[in-house]
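Enquirer: Dock chain B against chain A, hints included.
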Amino acid sequence: MTAQIIPSRTAAEAALAEIFASAKAGLPGSGAVEKLREESFAAFARGGLPHRRIESWHYTDLRALMREALPIAPAPTRERRAALRKAAAALPANSLVLVDGVFAAELSGKLPEGVKVTSLSAALAEDRPGILESLAAAWAEADDAIVSLNAALMRDGVVIDVAPGASLAAPLHIVYASVAEKPAARFSRSLVKVGAGACLRLNEMSLGAGGRAGQTNNALIVDVGEGAEVGHTLSLTDTRPGSLRLETFLVRVAARAKFDSFALVTGGGLMRRQIFKLFAGPDAKGTLRGVSLLRGREHADTTLFVRHAATGCEGRQAFRYILDEESTGVFQGKVVVEPGAQKTDGKMLAKAIMLSDAATMNSRPELEIFADDVICGHGATCGGLNADQLFYLETRGLPPPEAEALLLEAFANELIDDIGHADLVAAYRAEVAAWLAARARSETRSVA
Amino acid sequence: MLEIKNLNVAIGGRRILNDLDLKVAAGEVAAIMGPNGSGKSTLAYVIAGKEDYEVLSGEVLLDGENVLELSPDERAAKGLFLAFQYPVEIPGVATMTFLKAALNAQRKQRGEEELSIPEFMKRVKKAGDMLDIKPEMLRRALNVGFSGGEKKRMDIMQMALLEPRFAILDETDSGLDIDAVRIVADGVNALRSRQRGFLVITHYPRLLEHIVPDTVHVMAGGRIVRSGGKELASELERTGYREYAEEAA
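Residue numbers (our numbering), protein chains in the order written: chain A, 89 to 536; chain B, 117 to 365.
A partial selection of chain A residues facing chain B, derived with a Cβ cut-off under 10 Å:
hint	residue
1	A475
2	D476
3	Q477
4	Y480
5	T483
6	G485
7	A491
8	L495
9	N501
Treat the hints as calculated values from the structure; they're not laboratory data. Here the structure is a predicted model, which is why all the values come from computation and not from measurement. All C-beta atoms in this analysis are idealised placements derived from N, C-alpha and C, irrespective of residue type, glycine included.
So that you can see chain B by itself, here it is in the shape it has in the complex:
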């Protein structure tokens, strides 16, 4: 489903990702763990299409198509989704207006009809209920005045509404209390399917107790340095990242 080949990325002349290779199959939940500064968020941003990064070489293939040649909105329409580590506040844009614009923009790019208002409302309600998002939140400006937990839930709600083929969760658990982690994890688990892949980026094994991954990859120094099953997360809980940090250096 998602295949990253020999990806090399720099920002401001500084190399962040080095010959990174990664494969995530359809239906798989892959976790990426690693210390601060190992390049996890850069990887998420590069897959989603952030401009600030310079891709020196390599490919990111979604079902065989190199998405690096597409703009962020085209990638979204192809089914890529990024749940942000820090979801952005957008003053003045009502959340409902934004959700409708996003959903219809993707549908338009895929040559599909716009959703009718009742159908749209139905889908919003379903996704909102799943993430414990109150109608009052949907009337407010997007993410403005939301708590950290509310912002993350809003991001996952967008994921539920947009139904991507492949989702990247960039430290979705950061800043969340235990209850919020559970709500977010339940939301993600509800979307797990044989057709959909996930890349879950996190520092802490805690999230992976709720979103149980099929594979775990350790990232250090801008490359994947070790891969394994879900038991690797528990091992990291005991050993920490020290040995990988040394390896990266």
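Pulled out of the complex, with its shape left as it was, chain A reads as follows:
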């Protein structure tokens, strides 16, 4: 006789079941979409919140860390909307604003030629052709409890279509605004389809506008068409202490396409970013880069699944962490080269600078290669600042805190400088400088 072990549900899991039961009737989509939601929630409920026994979640035990599930954010009040309108006016051109996970067309500016944007809720409600297929294809790539949960509860998002051959001069911004007065949860899913030969720069950022700590489960699916070029940046720097941020990013790169992505993570709470990258067509190039700057008891996890399913693709993955105080960094990178993916060129490197004995870095690069004519390599380093570099700077007159800050800034900026867009480079550099300045201020306070 075999006994089936059914783990007891945690308070957060029970609350999520209740939230789904009460929210599903009001979520967009009917028929096939409803079925999708039910199946997704059932898939989530079977395993519950991912925990340390699930390999890809080993270092971020969400089951233990997520004590409660917050209710879905209500529609913003009139005052909050007014406050947000002011803040949104200062946003760059081509900004698409999601307010607590819901697309706010009235806050979003005029779009350039060659780009069509609708809300996910409208696309689901009208059962737009291809939308379910796009979502289902994303699933197959990302078999993960948090992705299932996102699919079950996705409330809204943006569906962006870039016409084949279109070339956008300025970046397109997806802005996540949080305005709920009480801590709340947000579930958004956005789809970006970039037509063959098109050229797009996509930037994701946050807008606080008086929002409170909360829980976010966002998913972004980017489909890069044949020969298209996409530059992507993500700023996860406005996260408040005590918040939970789950970010899933799926990208499919078609033949001869180029895809480049950079993310900056700073700030409060618990953050898990998972990236699923598929090289679906031959001779494509894809780069993933990221910098995480952590202090206090912050926890940031970046987990990659890169799959080479076509020949001659070049994959680059470079992630850097600066860990201070009692923070925890997690980097997991799994690169799979399928049997037919000959001539794959893949490199992955994770580097961490530890500024405190109490900080923790968990680094796990993995390679699974099933083709015999490939170049693949990975590495991970973890250590303090280079003593020779510090000494050199000090002999030139820089006091130790300034020398340290200069080296840390350089460590982060090296990846930022590769973004390849002057305004975005300046913006991300400024975020690093602000983090270092805040760190210096708190060090001064603690010394005093």
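Expert: Frame of chain A, contents of chain B only:
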């Protein structure tokens, strides 16, 4: 100007400098020569303030002030400069950013105003021209991808910009071709003045043909074993270090 008294230094329990005494007056260029392992670079690092060394006893006085009690940046602000045997590469730090940070940090420690951008640029151009440093090099990350000669020229350019009172050149000629030695030497000679002292550390008399010293000291076994004028360098060219190595042993 610089006076080293009875300096004893160890690293990892091993004694490197033994009762070392040395005096360099303002305006003087003193050369230190000696075989490998005689403690020349240790002396340079200890004067500049590297942490790895244990100073057992002694003093290093710059104009009467014991710099051993100061941190490396404080020593720099007092006017000490070390040109490294192996200048360090610092990826991600643009050379210009570094130069400005260094110059202003020293000025701040001395209670002086920050330099205006035009004034800073003017000084950088002047120092860069003297050391044949192209603007393109200044835009790159500090010393990253620089040839050995470029790194040494960059170090001397920093010296020209920071205008120290006392400079130590630690085997600045190592790894340089003849032309690079000349450029570096010209840079150093241009900075010679009655107020500034130099300690030039080298294995080879070749550098001293370009930077002609006022005094030459032979170091062996962690102490100065012989001192003389510039003619001592030529003598060493003929005799080598053998007799001193034996003396040290």
